Amino acid sequence: MELSKRQEQIIDIVKENGPITGEHIAERLNLTRATLRPDLSILTMAGFLDARPRVGYFYTGKTGTELLTGKIKKFKVHEYQSVPIVVKEEASVYDAISTMFLEDVGTLFVVDTHSNLTGVLSRKDLLRASIGNQELDAIPVHIIMTRMPNITVCHRDDLMIDAAKKLIDKQIDGLPVIKETDAGNEIVGRITKTTITKVFVELIMDEH
1 MELSKRQEQI
11 IDIVKENGPI
21 TGEHIAERLN
31 LTRATLRPDL
41 SILTMAGFLD
51 ARPRVGYFYT
61 GKTGTELLTG
71 KIKKFKVHEY
81 QSVPIVVKEE
91 ASVYDAISTM
101 FLEDVGTLFV
111 VDTHSNLTGV
121 LSRKDLLRAS
131 IGNQELDAIP
141 VHIIMTRMPN
151 ITVCHRDDLM
161 IDAAKKLIDK
171 QIDGLPVIKE
181 TDAGNEIVGR
191 ITKTTITKVF
201 VELIMDEH
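UniProt numbering puts the sequence shown at residues 1 to 208.
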């Protein structure tokens, strides 16, 4: 976050004199309290300052980088998950390849008739199945898919930073977001490397 000159002056005043009231900050800058109010609100919401009723403003001691990191650590999967791209267990390898191409994704999630996750298909899985095989429409995807417990998953309330770590550690393109029910693991979303990239780009852009 790029601060204005006046906002930097406010931080310096609070650093040296905190706790200090808004009125006293305004006096030091020869401004009215009303003029100063938007800057104080921005600095407080951004986390540079903390305000306590009838006491005044404190400097939190946090740098812009620390505040950015703090925000990242609060993001949860359900805030950014997208619609999962799925195929049925009985779908053919040919159908799966067509779906992957049309949807422009790197991972497909295989579900049963109740939309419960039963497997995952990657580009590599489909490539291996297609090499030298002329009857792709006769091979069901459940023959070649990765099954539980070898599927890495995440949940809606997981932190995005943890989902990102799973993607990196497992060297995979996407994670299914599941909801555990009595019937099985219902798939409710997906998180991909592209999702993670968008989150961080948007966060950085918002800070400038």
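These are calculated hints, taken from the structure and not from any lab test.
Please read all numbers here as calculations on a predicted model, not as lab measurements.
Each hint should be verified, as a subset may be incorrect.
Said to hold, decoys possible - Label pairs and their in silico Cβ distance ranges:
# : residue 1 : residue 2 : range
1 : Asn133    : Ile168    : 30 to 36 Å
2 : Pro53     : Asp169    : 42 to 48 Å
3 : Asp157    : Thr194    : 20 to 26 Å
4 : Arg123    : Asp169    : 15 to 21 Å
Cβ coordinates follow ideal geometry from the N, Cα and C atoms, glycine included.
Open item on the list: Hints numbered earlier in the text: which of these fail when held up against the supplied structure?
Closed with: The structure conflicts with no hint, since it agrees with every one listed earlier.
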